[in-house]
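Enquirer: Can you make the complete structure from the sequences, with help from the hints?
Note that the protein sequences, when read in sequence, are chains A and B.
In this text, residue positions in the first sequence follow the working numbering: the first is 2, and each later residue adds one.
In this text, residue positions in the second sequence follow the working numbering: the first is 7, and each later residue adds one.
Each hint should be verified, as a subset may be incorrect.
[Claimed, not checked] Taking lysine-lysine and the DSBU-like style, the derived pairs with C-alpha atoms no more than 35 angstroms apart in a straight line are:
1) K214/A to K83/B
2) K152/A to K122/A
3) K92/B to K214/A
4) K54/A to K285/A
5) K70/B to K83/B
6) K152/A to K54/A
7) K83/B to K224/A
8) K122/A to K214/A
9) K109/A to K252/A
[Stated by the list, open to error] For the chain A half of the interface with chain B, some residues (derived, Cβ under 7 angstroms), not all of them:
10) R29
11) D189
12) M190
13) S193
14) S198
15) K208
16) M209
17) K214
18) W230
19) W233
20) S292
Don't read these hints as lab results, they were simulated from the structure.
Beta carbons are placed, not taken as given, at the ideal position from N, Cα and C, and that holds for glycine.
Given next are the chains, with one letter for each unit.
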Amino acid sequence: MKKYGGSIALFVLLVAACAPGQSWNEFRLVPATVDENPLLPSVTIHVAGYDRKVHFLTFGNPSLPPLFILHGSLSDMRPYLPLTVLSNEYYCVMWDLRGNGLSERVGKSELSYASMVEEIKAMKELFAPTNQIAIMGHSWSAVFVAMYVGKYHADVSQAILMEPIGLQSDPMNDMESVLNLATSAYLDMSYSSDILSPSTHELLDFKMLAMIKSAVRNFFVDKNNLPPWPVWRVGGLALIVWETECLSGGKFSYDFTSGLDTFPGSVLLIGSDHSPIGYDFQLKYNKTFFSNANVLVIPNSGHRIVTENFQALYEGLTNFLIEF
Amino acid sequence: MKRLIIYSIVSILSGATITYAGEQSPEGHLHRMETGFNAYSMFALFHGYSYTLDFGGNGSLSLKAVIEFPPMLWLSKGSVTALRIKTGAEYSLRFPAVWEAGIGLFQECLFQSQVLGNFQTVGLDGRVYFGAILDSVSFGVFGDIQSSLWTFVQLSEFSLDAFEEQYTGSGASPASGVVTSTAFNITAGVYGYFGVGGNTVLKTELGLKYTPSEYVGFGGGMMFGLLPFHLSVSISYGL
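Expert: What follows is the structure, given as structure tokens:
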């Protein structure tokens, strides 16, 4: 037996190494989610057939009119926390969408666009069951907000869409999309494929955290000096699902505009002056789907409006929101 | 950076030692050097040495050592940020007529310093191939499985920032630690080796690289750098 000791020890080590993404101490690549860390504030919502815990924060007096603030893809609510300055006039509700940030991770089928709309509905039932809400979404969440507005007219008084992609696919197919695969961060990500592969949510989210620094798509004022985007944890699978569900045969194929033309509330579209889906794009395409929409330009900013020109965003929001 | 310098010195010294041992070996052993690049590993250049023990009959065992570095990555960073050292053995068998087959097992050490942190990985790489030899040309198919076993990670300031501002104060993590099995990749494709005169062989490999994951289908990870291709071109020359 003794002479096989070394072989057995080696075998045990190899077997132990087979479990992907296990750490040997309390070390973590990304922060724990609410289902792993009970100290984080969470509520449970029932969406797409499952009860899921979501990480949330509220600011302001609950008796004030509710304002829901939804983060974009490859993000969580953390970069949007400065918007809590709106809580002197609104009851601000922020949360990490399922599969994103510190909310519970979910499977692909639970991240469909329809499920994201139902998630907003579930949160409204919890935090503003009887009130109309003002609602703001950025990037992919602006799309979900548009879909929610189109489906639940009566729930929403005012909607703010910060740089959604085209709400119909035609302009997206016409848009020139140059990917810069030679950025330093992309080369990093590519070279590390033999070190990090996405076999667990933790590894996937960690690997995709590098995308915040990649500038593969140039949505920025200065692609060599990216604005900060502080997050706790990105939702890797959510981005993958959202970016593939809108494609068919390698082309964009979707229509998110159902019900938008009859939405009676007011809509503010926001676009920066340095993003391919910025002010000009929003004015030319997305504004046409609403009967009562204005477009606000944020100067000296790219897609990361919240961190690039917060002051202009704040002024635009307070001019639009009826409680100010 | 200090670790990388030590890492580089050790790898160069170990390569020199193997080369020296090869030069001292008796007649009948074949020493070869190989230099080339992996296109989809960020144009990583590699340089290797193999020392073949011919057992007589049909079988032979090659001991190999390879060092690989990505100059494109180095240039984009302005510093030495990644390195791979691979050592192991490959057993080849000749069959009647023109057929040959082989199986190899390698250990590899990878180092990368990048935006997420510093990574030092110890992994295994297994390889099988089957093909035919026709005069100065050989060709066939190969399969390769690469797995990281243990990765020592030092999180960068950027990665550590994700643990900041957690108002409960409960989200802290040590800045470094070891994580098991952080990567697993399967590559399969075809190879063609062409004698180009003397003791020199042009070696080419073309294949597809698959990273098993329930989250990312084949080719679905390109947005974050999982390139599903493999292309390697090298020149191998006998000493």
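Enquirer: Looking at the structure, which of the earlier hints fail to hold?
Expert: Hints 4, 18, 20 not satisfied by this model.
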